[in-house]
Amino acid sequence: MAGGGSYDTFPKLLLRNTAQFGTRPALRHKDLGIWQSWTWAEVAEIIRSYAAGLHRLGLRPGETIAVVGSNRPKLYWTMMAAQTLRAIPVPVYSDAVADELAFVLAHAEATLVAAQDQEQVDKVLSVSDRLPQLNKIVYDEPRGLDGYDHSRLIAIGDIIEDGRTALAAEPTLGEQIDESIRAGNGSDIAVILYTSGTTGAPKGVMLSARNCIDAAIDTTRFDRLTDKDVVLAYLPLAWAGDHYVSYVQGLVAGYCMACPESSDTIEQDRHEIGPTFYLAPPRIFEAMLTRLMVRMEDAAPIKRRLFSYFLDVAQRYGEQVLTGRPVPLSGRLIYALGRWLVYEPLKNVLGLSQVRVAYTGGEAIGPDLFAFYRSIGLNLKQLYGQTEAFLYVTCQPDGEIYPDTVGPPAPNVDIRIAETGEVQFRSPGMFLGYFKDQGKTADAMTSDGYVRTGDAGFFDEKTRHLKIIDRAKDVGRLADGTMFAPKYLENKLKFYPNIKEAITFGDSREFVCAMLNIDPVAVANWAERNNVAYGSYQELAGHPLVYDMVAKDVAAVNRSLAGETVLAGAQIRRFLILHKELDADDGELTRTQKVRRRFIAERYASLVTALYNGAHDADISTEVTFEDGRKGTIAARVKIRDMQIVGPAKSLGRAA
Amino acid sequence: MLYREAGQFKATYAEDMAIFPIRQDRIALAVLLGIAFIGVPLLASFRIWPFRTDYLLWAILLPFLILALAAVGTNILVGYCGQISLGSGAFMAIGAYSAYKLATGVHIPLAWLGFAIAIPPLPVLASILLGGLMAACAGILFGIPSLRIKGLYLAVATLAAQFFFDWAFLRLPWFTNYAPSGSVNAPELDFFGMIVRTPVERYLLCLLFVTVMAVLAKNLVRGNLGRQWMAIRDMDIAAELIGIRPLYAKLTAFAVSSFIIGVAGALWAFVYLGSWEPLAFSIDRSLELLFMVIIGGLGSIMGSFIGAAFILIMPIMLNVIPTELGLPLSTQTITHLQFIIFGSLICYLLIKEPHGFARLISIGKEKLRLWPFPY
Amino acid sequence: MRAPNANEILLQVEGVALAFGGVRALRDVSFNVRKGEIRAIIGPNGAGKTSMLNVVNGFYHPNHGAITFKGRTRAKMQPFEAARGGIARTFQNVALFKGMSALDNIMTGRTLKVRRGLLWQALRYGPALAEEIEHRRKVEEIIDFLEIETIRKVPVGRLPYGLQKRVELGRALAMEPDLLLLDEPMAGMNVEEKEDMSRFIVDVNNHYGTTITLIEHDMAVVMDLSDRVAVLDHGVKIADGTPDEVKRSQAVIDAYLGVAH
Amino acid sequence: MIALGQFLEVLIGGLMSGVLYSLVALGFVLIFKASGVFNYAQGAMVLLAGLALVRALDLLVANGLPLWVAVVLAIGFAAVIMAATAWLIERFVIGPLVNQDGLTLFMSTIGVTFVIEGAAEMIFGSDVYPLRLFPTDAWFLFEGLFPGGILVNKLDVWGALIAGVLVAGLAVFFQRTKTGRALRAVADDHLAAHSVGIPISWIWFVVWLVAGLVALVAATVWGTKLGVQFSITFLALKALPVLIIGGLTSIPGAIVGGLIVGAGEKLAEVYLGPSIGGGIEYWFAYVLALAVLMLRPQGLFGERIIERV
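As you go down the protein sequences, you meet chains A, B, C and D in turn. Going by our numbering, the first sequence wraps up at 656, each residue one higher than the last. Going by our numbering, the second sequence wraps up at 375, each residue one higher than the last. Going by our numbering, the third sequence wraps up at 261, each residue one higher than the last. Going by our numbering, the fourth sequence wraps up at 309, each residue one higher than the last.
Derived by calculation from the structure, the hints in this document are not laboratory data. These figures come from a predicted structure and were not determined experimentally. Take the hints with a grain of salt, since some may be wrong.
Partial chain B-side listing against chain C, Cβ under 10 Å, derived [to be verified]:
| hint | residue |
| --- | --- |
| 1 | R4 |
| 2 | E5 |
| 3 | G7 |
| 4 | A11 |
| 5 | R23 |
| 6 | P121 |
| 7 | C137 |
| 8 | A217 |
| 9 | G226 |
| 10 | L241 |
| 11 | V256 |
Computed cross-link-like contacts, DMTMM-like style, restricted to lysine to aspartate or glutamate with a CA-CA straight-line distance of at most 20 Å [stated by the list, open to error]:
| hint | chain 1 | residue 1 | chain 2 | residue 2 |
| --- | --- | --- | --- | --- |
| 12 | A | K136 | A | D178 |
| 13 | C | K98 | D | E9 |
| 14 | B | K10 | C | D28 |
| 15 | B | K367 | A | E297 |
| 16 | B | K367 | A | E267 |
| 17 | C | K98 | B | D25 |
| 18 | C | K76 | C | D28 |
| 19 | B | K10 | C | E141 |
| 20 | C | K138 | A | E267 |
Note that CB positions come from ideal geometry on N, CA and C, so glycine has one too.
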């Protein structure tokens, strides 16, 4: 099992991998219909030539190079080549609008940008007037760029070729490259990851090489990852999750990273490559489950009955079988039949049948969703982490999995709970601070060197596992003092296929209200089957039958809340369905689709007041940006629905 | 349900274009070949259950293999190239008789030129293959009209071939080496010293022929020539406009199809019948082959095998089942019933799935791959 | 990179006339197409546009007049000889091979480039397989170029209209033609599909340097894409020149807005 | 002189038998013209009609009914049988296969052939039944001109007369009557006909019924000539070249085709046959059809196939 040891920078790790796993595949990319692949040895040669080429372009140690685009081999190689020259790669979200891109590039003072294709190049060119220090743009796909002026625009392929010929011609260049690899040490800044930041402008998290490598060594050992594993690289490059799993852990464990053909063939490519290690934020698991259920709706009745029967069986025995706890023989037999008939085919169609370890993180996952995947035999585990901790703060070991906790502290991670209930930690993967922002760094750290997570939580007495309640700032109290955790409620609501997004209000108010977003796919399919006519998303969202259907789901959530002592009081009294989908382009969601609660509260203030003043409908008009950047306004009259509160189980018993 | 395709990715174009890209299909094929090449001979030689008598080999497996090969040939012409042919029986006959003549020495007295062409008897294998070649030449000859006539009209041109050769092999004694009875005996099946006599040996010989030629046919059909045929079948004007020469495409289809049918004819005569007369290759044989291709599945090599199996086993089932159930039926009513059931089954199948069994099976396979989802 | 060099004429149509019995589809039409140019032929319905393409393609044989392609004036010609000479074509109402998948349809476009004979293809081993893979590789570039990766293995019969048009363009490109005849490539398409198709046409012209002759009714597209436009009406050429010149010519306005003939 | 006489005799004999072939061919043309189906089962329908007719006739005569009444009743019974068959075929075979391609429909008619042959023989018995509806004795013409006159069989003359009447009747039926026009509309494009409101299934039933009646007429003539027996079904194969030469879609073409084939066959048999082994009658019609096709791919009278791109 490969470890870091004396290899304290990524270029050194690359050389080690070339020595130890030279012929093993390092990277695969579905292109032109088949999976092209490169071994570690081939990758090392390409990186060496690419680094030489970049050096000749004038990239100096300490300078930053931005990387904009989706998961393409040449963009990952740009990061490796930059680190070989001890320069700092700065990945940026590929779907960021021009202004966000301009802010990050200016803040990071990037002298070079690696763009994926014509679309990204145009975005960078449109803001290049605000980027004085940017001198060259390199690109991966030449499509459509023939007509551009090639003084500042160079193809990555050409740089590699130029580097290769230069290395062959001048031996001194080769020595310079080797010298800069030797000179590299653990304390170099390996990468700057800009957080999406639910509040305020993005912050650049600086991570040292030693931070990343030590953290990755612990986790690869924790999950016994070897060079035989395969990972699908499909998440945004700039997200800590993808950088950790596809790039860093790949270098440390020596396993193979597979890039899909394009962003809309991810599902098909995952099915083909069959990854063994899989990370996804909860909304991807949610989307998968919704599509799965919608497809099953249209199956033949016998198949539907068989499917739901075996899902119940999975709910009864799945968890025990997965964690090896004792199961009665009949249960074990019926589960085995279920595995052959439903669970394996299900995972096979989703491309997850070879997954040995799957993690979900970045946001709290609804307990029912989590339990569903484990029950069909997917070894799904929760991890709690942040970009500032370079992902891992806690992660659940294979044996001990509880749906509502995020597991014990990750190896070598020290966690404590401050008196305000905020979780604080110190870990090998801890960040050095925010780039060019000492003020914010100071805020984020405590005097004695702990990082403040901003999340509230506590250690469960029995299992010593950390339990995250909510964002520290968002956990509130109802007027009568009962605790109100909006995130917890929202996750329960989002488990139901018809509800895509939910925002709950209740802090310092008499009761809890919720604003919901219906899932266009699931509800449209339901409307089609029950031949409910609708012209637009807005009309569907306001349809009385849709309100009834969603009301049933909210009632179910209230019933499950009634069973929990701590949160019984926080049941949802009134709710409305928003007339438009929450969208990152309107600033209502972050780039990783997390809800920006405060911004929404201000933007829909008129709706919130209507919720609390007993009105039965409210008018709202909001400004919207369309796909091509034009602005427009949408006005609607939104109806509000009241719910009865389910008394706590005990009292119900007495009253009956 | 049976398919676990996650993780089977294609790293080279050769893998992507393989006949059986999915591992589960490859396993199924290996099992099938295992049974065919090892299972059957073993069971037969030790007279174990299904092979206690030679009936299964002689009456079912042997004819199935040879007719399947002929069906593959017919499918290339009718299924892949869209040229309707009612002359397959004649091409089988040409294959058989020319192989017979070549195996027993050819003597063509060219009286007016004053000399005669004499070819010594050739080894059996050579004569079978050359017989196929002769059938191919006849195929090309009768393929020429297909350049001008299309569709059902073309059926008549091939019908002309059928009746002409029926007549020729009956009336021109030269073909039967002036045999008085009009029927002809197969030469000794001597393959490089090994004499093929017992049913198991005959079965293995045919199995070898069929496997090799089916693979070659599948390669042709998947390759560029196959695409040309299918282009001519789907829309010959568009095919011509992208550079396909209709002459070359149609005649190669006729040639390849007739070659395979010719070899099948030679095998049918030499290995299965032993001694035969032209009636063995009459219009009924052509219709039977056309049935196999259409019910099995037009444009599918596997479909030809399924069609052959169906058309062969169905009549046997029809008269085994009534006796099995103890229904006292006179042989005459049985044949009449057989006609009625056979005809209605054909109509039912054509209505249920015009593209034949092959399409039904591929739909089934698709459903299994997507199990439990409908799409 | 695509300045159409004025002097080199790729196709010269001289005084072509075509009649089906009484119907005179084309009356004495002459025009030329320069190498590397996007040349449009427009005109109201029944003006003889498609017949003109069919004559260039060798599908119809003109009653009189001459056609010179790449310097060679040709006599009576079979359609596959035109294809062999480097003329590819798409059709007004899509002429795809319904029995095959999108990939196979485009692969048939490679027919002219296949060298290996029947026996080699039957063996499909060694050089024969290598050649098949090399053709597959070229077709994959076209699939990538036309962004139809997701429908590679789908039978064309099941594809929506817009995608079928793209597969047909792919098939024509697979022939690596010198002259590409597009017969109303955007008929029946929505705005977004039209934008995509225009982008592809421009890219084909830039990237592969293919000369394109385009028949299209959507004036905005024609005026935007083409270098020169020829206008046909009732089988007669009534205008020829750059889009601006043609827009202003009175004859064209009359033809379109209707003036009693 | 003798050679000329013999030639004339063979020629007229050939023409006569040709006309009989066209009787069967007419059935094919009818169904192809109205539904685009190349009906291989026409031969089997002739057998079915013949068997129904002859068995009914024998039964009625045995019960002492006068000949004329028996014949009319038998023909009525056979017509009812043919109507039932037409309904069954349209309902269970042609209906469901409505927009399949020509080859599938052709194959389905072969399926129908098997069913009809099996059912007919099971119900009506399967040995040879003589039928005497027409005088079959010889008739000598133009004895004055040629020694011994030209031998002509009365049956052939009757056959020719019936064929002429049939053709005239069908031509009028197709051109003048409402159903006839509807038939032609359905033949061109049954979707368009459907959209105009023509009841497709009724039209097809009528077509198959008329074809059945034509088969009945053919059965009366061929039954008398050969006796009602299984081998009548091979007439279908004999009628094919007639169709091809005449063109699949034209009624007059079927008659002209029949004449050419009949005459051609007999002449070839008499003059060409002996030199190359005899019995060439078996395949001569097909080679003749092939030659015609090479000249006109759609037969002498068929419509020219125009393909538009």
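Evaluated hints:
For R4(B), the interface hint is violated, the least distance from its beta-carbon to any beta-carbon of chain C being 20 Å, above 10 Å. Interface hint status for E5(B): violated, as the beta-carbon distance to the closest one in chain C is roughly 13 Å, over 10 Å. For the restraint placing G7(B) at the interface with chain C, the shortest Cβ-Cβ distance is roughly 19 Å, beyond the 10 Å limit, so the hint is violated. The interface hint given for A11(B) is broken, as the beta carbon of that residue sits about 13 Å from the closest beta carbon of chain C, more than 10 Å.
Nearest Cβ of chain C to the Cβ of R23(B): about 18 Å, over the 10 Å cut. The hint is violated. Hint status for P121(B) relative to chain C: violated, with the closest Cβ pair at about 27 Å, above 10 Å. For C137(B), the suggested interface contact is broken, since its CB lies about 15 Å from the closest CB of chain C, more than 10 Å. With 10 Å as the threshold, the beta carbon of A217(B) comes within range of chain C, its nearest partner Cβ sitting at about 8 Å, so the hint holds.
At a threshold of 10 Å, the smallest CB-CB gap from G226(B) to chain C is about 8 Å, leaving the interface hint in force. Of the supplied interface hints, the one on L241(B) holds, with its beta-carbon coming within about 5 Å of a beta-carbon of chain C, less than 10 Å. The restraint placing V256(B) at the interface with chain C holds, with a minimum CB-CB distance near 7 Å, inside the 10 Å limit. Between K136(A) and D178(A) the alpha-carbon distance is near 25 Å, which puts this suggested pair outside the 20 Å criterion.
Restraint check for K98(C) and E9(D): the C-alpha separation of about 55 Å exceeds 20 Å, so the hint is violated. Annotation: proposed proximity of K10(B) to D28(C) is violated, straight-line Cα distance about 56 Å (limit 20 Å). Annotation: proposed proximity of K367(B) to E297(A) holds, straight-line Cα distance about 16 Å (limit 20 Å). Distance check on the hinted pair: K367(B) and E267(A) sit about 19 Å apart at the alpha-carbon level, within 20 Å; holds.
Distance check on the hinted pair: K98(C) and D25(B) sit about 26 Å apart at the alpha-carbon level, beyond 20 Å; violated. Using a Cα cut-off of 20 Å, the hinted pair K76(C) and D28(C) holds, with the two alpha carbons roughly 18 Å apart. Between K10(B) and E141(C) the alpha-carbon distance is near 17 Å, which keeps this suggested pair within the 20 Å criterion. Between K138(C) and E267(A), the direct Cα distance comes to roughly 26 Å. Violation of the 20 Å bound is thereby established for this hinted pair.
When each numbered hint is compared with the structure, violations occur for hints 1, 2, 3, 4, 5, 6, 7, 12, 13, 14, 17, 20.
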